Amino acid sequence: MRELSASPRLPKEQASPAAATETPTPPHRAAGGVGNQPEAEPRLRGAGPKPARPGRPATERTEPSGTVGQSPVRPDAEAKVNGSFDYASDLGFDGMLWGHTLRSPHPRARIRSIDTGPALAMPGVAAVLTAADVPGKLHYGLVYADQPVLAPDEVNYQGEPVAIIAAETLDLARRAAEAVTVDYEELDPHCDPEEAVASGNYFRYQPVRLGDPDAQTPAVVVTRQYTVGMQDQAPLGPESGVALPTGDGGVQLYVATQWVHADLEQVAPCLGLEPDRIHLEIAGIGGAFGAREDLSVQVHLGMLALATGRPVKMMYDRAESFVGHVHRHPARMRYEHAADADGKLLYVKARVILDGGAYASTTDAVVGNAASLAVGPYEIEHVSIDAWGARTNNPPCGAMRGFGGVQTCFAYESQMDALAEALGLDPLEIRRRNAVAQGSKLINGQVVDVYEPDRADAFGTPFSPLADMLDRIKEIPVPPVPSARNIVDLPGGVGNTTHGEGVRRGVGYGVGLKNVCYSEGFDDYSTARIRLELGGPEHGGEPVAYVHTAAAEVGQGHWVLQTQIVRTELGIDRVELLPNDTKVGSAGSSSASRQSYMTGGAVKAAAEAVRELWAEHDLADGPLEATRVFRHRATKPMDPLTGQGDSHVQLALCVHRATVDVDVELGLVKVVDLTCVQDVGKIMNPSALEGQIHGGTAQGLGLALMEEMITEDGRVKNASFTDYLIPTILDMPPMRLRIVENADPEAPYGLRGAGEPPTLSSTPAIVAAVRDATGLALTQIPVRPEHLTSHFGRPS
Amino acid sequence: MRVTMRVDGQDASADIDRPGESLLSTLRDRLGMTGSKNACEQGECGSCTVLLDGDLVCSCLVATAQCEGREVKTVVGAVPRPVRDAFVACGAVQCGFCTPGILVSVADLLEREPDPSDAAIREALAGNLCRCTGYEKIIDAVHTAAGSLVGEPR
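So the sequence lines, in the order shown, correspond to chains A and B.
Residues -4 to 791 in this note's numbering are what the first sequence lists, from first letter to last.
Residues 113 to 266 in this note's numbering are what the second sequence lists, from first letter to last.
Same shape as in the complex, but just chain A:
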């Protein structure tokens, strides 16, 4: 056990990029990437000339290293490669107890009674708490407070927390949980989302109505039903945190979370404490992808620490993690696309049912995205969309990378391919003919901003970033089929399942449109505080900027981005990041691809304010400090009957091409190549950007081919990495990236959010490629081997 420390700060190296060790230059492999493009080359390497006097700003702006557009060493990298980075699950304090959660084995049941006596009697067990012990409000939630802290008298999904235990060891806490007797009266679970919608049991219904679909006379109509399975974020770091009683009735919490202020707003009422009695600090985060948007351990830890007066740690194991956070909504969708003989879309009708599971979480906002983005980045004047978020006894669903944009993207892109096939058009060509352009109206009535009227063509046709991207991906050659192949490169790999017989090549495309930042009138903002002072001897007497935000570094590289922005705006080398906590204003969540835009914007604004102060003050006279709150332009709610309203602020596009080999006899798929063109507005950090596109693409590959949480009557069947498959290094092919920078003049540096769009477009591209190889319709994801082989032996 390590020493008790009031604040397990980041190791020194992490907060000191200037102290980073020299590192070799990364290679540029043939696969390509951002760094291969001339415009992405670092503008200047090495520190510029220093100001004549350290206390005054440089009269001529000099360019320090590690500014916007470069890929400086991440402040967290060294600690992450030497094993010293403290994740939430690595924290330890003297006298610490271990917490554990007893969860319902039933998807739906009434609780007749709970007997905690035998568990409490076990030596070393310090507390066993139930709903009766919740000090404040019994429910919490990000949008609606409908989720019980601990189930009071009924459970509504398998895995719902019923009791919490604190004991001397984790082992003992788990054994004590087994000793708690809960008398359940099992009830029939409601697990069919369509039945739930039919009986009015849903969290939100959002229609979109535009034009008059029924008045059109199309040349071709394609109607299909699509199914999307339940995907799990599966961050490698399980839910974890530590709570310490502060001695005055309050509590200090270190938790791996995406949005520390939303946590505080939910935790305080449940603990019955004023928010200022709780200090929340973000502990090291082992990935998030939406899984840390809702509460997990927070209130439970607080209750156990307050009840025992001792520090308490919780750390879910993988099985518990699978039921301890929300998932991506499974979806059932019916789409009807109609086009004229030229392939121009005439109308789309769609019925989208997302299964929200037992509690509201963020289903409300997910349904809004699914409805407003239901046809993708295509011009269309007549739509009729109906989207629901059903309430069932399945596991609760909420935020995951792509957030309502992923499910419909699979459907509308599949439909575009089906139309193209019916009309004998090239899949890229039908997309090009319908691509939204600057000035196009989206189905929510929102007009795409015309930022570049000069780029209209000679006929006055407005510039279409998407059409341009489709042209670019066409220019990148499809990888040739090698004449002789190593067996490990074939589907089945080292399983030695084929020598190439039965293997067919396929190519497919996918396009995704994602809203960046929060939509539908949400007051979206972030806060940054920067203090500039003359550093001590350890900083060579140079100016040092201390940056304080509450933004979560989930792995995306947001910390390094903050240092780049401060160096760019203040022209200094030394930037230190303070802990991300509730002692500064909210940064919002590290979600919705928004932190570069929002907290990047707040840091930029605060740095600009400090720069103005610095022009008039000598740092030798004392530190300079500024706090700024940054907001994007206001959005509007969607009309509840028509879905109309300027509900989004920024839109981001991504195009994928997938090349696959399919063993059509065994149903095995090998993705051979993934090529991606993405519009990011401005390349802020080439390395981090590439990492986001690679990783986002991999999660889309997972949904296309392997990732699904299987439930039967509300019971999760595969809550382990043995049974829930995420892509390994053998499943991911080399990637080729081409980055486009169509600046958004309203966003800091012109950037567009980049983390989510690749997760939308990679899935339909891969499925399209498998369709191309097999000729099968493939309307369900993930595509399983039996979907590819079930037609064998049946009359055609």
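A portion of the hints provided could be inaccurate.
[Claimed, not checked] Only part of the chain A face toward chain B is listed, based on derived beta-carbon distances under 10 angstroms: (1) GLN228; (2) LEU608; (3) HIS782.
[Stated by the list, open to error] Partner residues are not named here, just some residues of chain A that face chain B (Cβ under 7 angstroms, in silico): (4) VAL76; (5) GLY550; (6) MET727.
Because the hints were derived from the structure by calculation, they are not lab data.
Note that the structure is a prediction, hence the values are computed from the model and not measured.
Glycine included, C-beta positions come from ideal geometry on N, C-alpha and C.
We have chain A already, so just place chain B on it with the hints.
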């Protein structure tokens, strides 16, 4: 029972009260050595990978009781500096939770195969899950590390 091992070059002893306690639990919870990560406890993710007498193992699948007198090397003691540097330089670290296990696997690979092909790298890292990077930059980093290690004493 008391188990004495060498961990990252130091003698380390732990009193085990459960015969089935895993090496991972002993390292993290008894010895306070949290460099090896716990992400699945099933040998599926590789986050807890260490070298046991030079053999690559998932420490969650090894009983501490089997480790008496043996040598354990974690991310702290198993990884040459150039391998770490390459991961930092190539952007192969995002959330970093898989990184300690991957670094140990890479150190083991480069010990056996100083200049591995992409296929050899993929084969060697097939037991290490990463949820953030899509693996591209990890492959870059292994090549870079191999280049840096050429001619270095092992």
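Hint check:
Residue-level restraint check for GLN228 (chain A) holds (minimum Cβ-Cβ distance to chain B is 8 angstroms; threshold 10 angstroms). A cut of 10 angstroms between beta carbons decides the hint on LEU608 (chain A): the least distance to chain B is about 34 angstroms, and the hint is violated. Residue-level restraint check for HIS782 (chain A) is violated (minimum Cβ-Cβ distance to chain B is 24 angstroms; threshold 10 angstroms). For VAL76 (chain A), the interface hint holds, since its Cβ comes within 7 angstroms of a Cβ in chain B; the closest pair sits about 4 angstroms apart.
Given the 7 angstroms rule on beta carbons, the hint for GLY550 (chain A) holds: about 3 angstroms separates it from the nearest Cβ of chain B. This hint holds: MET727 (chain A) has a C-beta 5 angstroms from the nearest C-beta of chain B, less than the 7 angstroms allowed.
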